[in-house]
Amino acid sequence: MLDSFFFDTAAREPDLPALWVDERSYCYDELASRAHRIAADVSAALPPGRARRCLLFAHRSVDAYAGLLGILKAGCAYVPLNPNVPAARIAAIIGQSGAPVMLVDRRCAALLAEVVPLLDESPRIFLLYDEGGEAGQVSQDSDEMHLARTALADGDLTRPPHDPLVTEAAMPRASCDEAYILFTSGSTGAPKGVPLSHENACAYVAGQLHLIDRLPGARYIQLCELSFDPSVHDMFVCWAHGACLYVPKTVEPIYNAAFIKEHAITHWSSVPSVAAFMQQFRKLQPDEFPSLRVTLFGGEPLPRLLVQAWLRAAPNSRVLNMYGPTETTVACTAFEVTTEFLADSRHAVMPLGRALPGMELLIVDAALEPVAPGVGGELLVGGPQVASGYLSADEPGNRRFISRRYPGHSASRWYRSADAAREVAGEGIVFQGRMDTQIKIRGNRIELEEVEHVVRSCSQAALCAVIAWPVDEAGRAGGLIAFVTHVQAGATQILQACRQRLPAYAVPQRVVMLDTLPLNVNGKVDRRALAGQCMTGDVLT
Amino acid sequence: MKTHVRRILREAACLDVPVDTLDDHDDLYAAGLSSLGTVRVMMAIEDEFAIEIPGAQITHELFESIDSLASVLAHIVPEESSATRT
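Just so you know, the sequences run in chain order F and A. Under my numbering, residues 311 to 851 are what the first sequence spells out, in order. Under my numbering, residues 6 to 91 are what the second sequence spells out, in order.
If you're looking for bench data, these hints aren't it; they were derived computationally from the structure. By construction, the Cβ of each residue, glycine as well, lies at the ideal position given by its N, Cα and C atoms. Possibly wrong hints are sitting among the right ones.
Unchecked claim - For the chain A half of the interface with chain F, some residues (derived, Cβ under 10 Å), not all of them: (1) 9; (2) 38; (3) 56; (4) 57; (5) 58; (6) 59; (7) 64; (8) 67; (9) 68.
All chains should be built: construct the whole structure from the sequences, respecting the hints.
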């Protein structure tokens with residue numbers, strides 16, 4: 311079970327520091343005690359016959375981590391909600407999650423008044439206490455909730471039925487049970503839920519424990535929100551190794567540089583864009599981060615020059631480039647950067663490397679037949695980390711999960727990544743672009759169709775196309791531009807509507823009104839032609 | 006200096022709210038200042054005053070408010086450079 315990576319260490323090394331957050335550290339035993347109390351509360355609150363899922367609506371605090379571990383310990387899947395996205399998106403995720411219970415911290419409780427009215431059916435909502443880790447019920451009804459929130463201000467909350475005898479032992483668990491559900495951008499216009507099982511997550515963590523050695527006194531940083539899957543790596547690889555997870559108050563790159571130094575962070579993982587920002591802020595000075603031993607990059611192309619700058623600042627660190635869609639659990643490939651590889655200026659970006667332990671990769675053509683060595687095609691990912699499918703059985707993306715046997719491979723289920731790739735001797739898999747319209751902005755996954763859906767619905771545009779712009783030499787997108795024709799709303803109104811429905815990184819930087827859009831031979835909007843027009847400056851003046 | 010800072014923020018920061026609605030001590034990160042916005046503000050300041058902000062001075066606190074930007078810049082920017090633009 312995923313949580314065993316934490317609780318086993320807690321049983322073995324109760325006094326070691328496990329978590330540093332909000333200016334103090336918590337030892338394994340203390341975090342485990344808080345998690346056990348929450349697990350008992352979640353078990354007691356869970357309505358019989360409903361999905362064993364629990365939403366976690368919290369900023370990254372000790373309560374959030376104890377809540378996450380407690381939810382798992384109660385035999386439920388945790389469904390993290392990012393507090394920094396618009397209420398409409400949070401409500402859409404709550405609605406789709408099918409979770410009957412939600413844990414909320416004090417800061418997020420203030421946001422509930424915006425979220426709850428948007429729900430068809432509200433989950434039972436419990437407040438994570440600041441002290442003691444015990445939950446108190448807010449309420450499932452928006453009117454009652456308002457009263458409860460008023461009461462909350464006086465510190466006068468009723469506690470849920472608390473039965474300390476309800477423990478995880480009462481409930482048999484299986485490795486195919488869901489461990490967590492994450493939501494990513496969906497091309498139909500609504501966020502898309504991906505449930506990952508304990509088997510998926512444990513396979514990933516076990517593989518990482520082979521890749522990354524145990525280092526006594528190690529300090530892992532957690533830069534991403536709990537709603538993104540690299541957080542699973544940071545937490546559980548850290549705790550499996552008996553290390554301490556350090557959570558900065560903000561993920562802002564300038565602050566992150568000072569934080570690495572102040573806390574002598576040893577393990578760092580994030581997207582290349584964060585390192586690029588640190589470089590722009592002149593934080594990658596020679597030998598700036600001597601404490602770093604392991605650096606993991608992932609989520610977007612990793613330029614060679616950036617790795618060189620990083621290694622000058624962190625000369626004692628290994629650097630690994632990781633790749634993997636959420637559907638295959640955090641990462642399924644890794645490339646360990648070597649000095650020799652870096653010295654070769656023909657390598658503009660780092661390759662994706664080879665399959666992680668237990669995973670299999672295969673490059674196939676449009677008929678799903680393996681291509682000859684070195685030929686480009688679609689990357690298939692097989693192995694125990696591959697999810698069973700999307701949360702919604704109606705999700706068209708479910709056809710990406712295929713059952714098929716290939717000679718020489720043991721996997722029988724594969725995920726079609728829609729990433730174009732080829733294999734290169736000495737490098738492993740090399741990324742060659744997307745085969746659909748999914749893009750990444752600073753590591754955040756965006757389906758352009760989802761943004762188009764929002765732009766179209768708020769503007770009544772006759773035609774609408776959203777493209778990534780600008781895109782640098784490494785293929786990294788800096789932002790989005792929306793092109794529309796015959797709209798019934800102004801650019802400001804359209805952008806405002808986007809801000810209310812999309813995460814900040816998916817909001818176009820500008821809206822360009824045109825009389826017509828270029829169409830391809832099939833009569834569809836030709837995004838490539840639009841990008842070409844951006845390049846020549848024709849449409850952006 | 007605060008007038009300069011406000012103009013630069015208006016042009017470069019891409020905040021969620023109009024700069025005019027902010028007090029000098031309001032938290033710019035809370036007003037939507039992103040990493041990208043911070044880089045743009047930094048570059049705009051360096052262009053505007055023809056300076057390079059020393060690496061050690063580029064901190065989270067520097068970009069926290071109009072006050073913090075103005076007070077740090079007052080020490081870095083040569084007087085005549087600021088005066089000619091007032």
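When the least beta-carbon distance from residue 9 of chain A to chain F is tested against 10 Å, hint result
violated, 21 Å
With a cut-off of 10 Å on the beta carbons, see whether residue 64 of chain A makes it to chain F.
Holds, about 6 Å.
Residue 67 of chain A as chain F interface residue, shortest Cβ-Cβ below 10 Å:
holds, 8 Å
Hint check, residue 68 of chain A versus chain F [nearest Cβ-Cβ separation less than 10 Å]:
holds, 7 Å
Hint validity - residue 57 of chain A Cβ closer than 10 Å to any chain F Cβ
Holds, because the Cβ-Cβ distance from residue 57 of chain A to chain F comes to roughly 9 Å (cut-off 10 Å).
Status of the residue 58 of chain A interface restraint (C-beta, 10 Å, chain F)
Holds, because the Cβ-Cβ distance from residue 58 of chain A to chain F comes to roughly 8 Å (cut-off 10 Å).
Answer holds if the nearest beta-carbon of chain F is closer than 10 Å to that of residue 56 of chain A; otherwise answer violated.
violated, 13 Å
Hinted contact residue 38 of chain A with chain F - closest CB pair below 10 Å
It holds, given that the least Cβ distance between residue 38 of chain A and chain F is near 9 Å, below 10 Å.
Grab the minimum C-beta distance from residue 59 of chain A to chain F and call the hint holds if it beats 10 Å, violated otherwise.
holds, 8 Å
Going down the numbered hints, you'll see the structure goes against 1 and 3, while the others check out.
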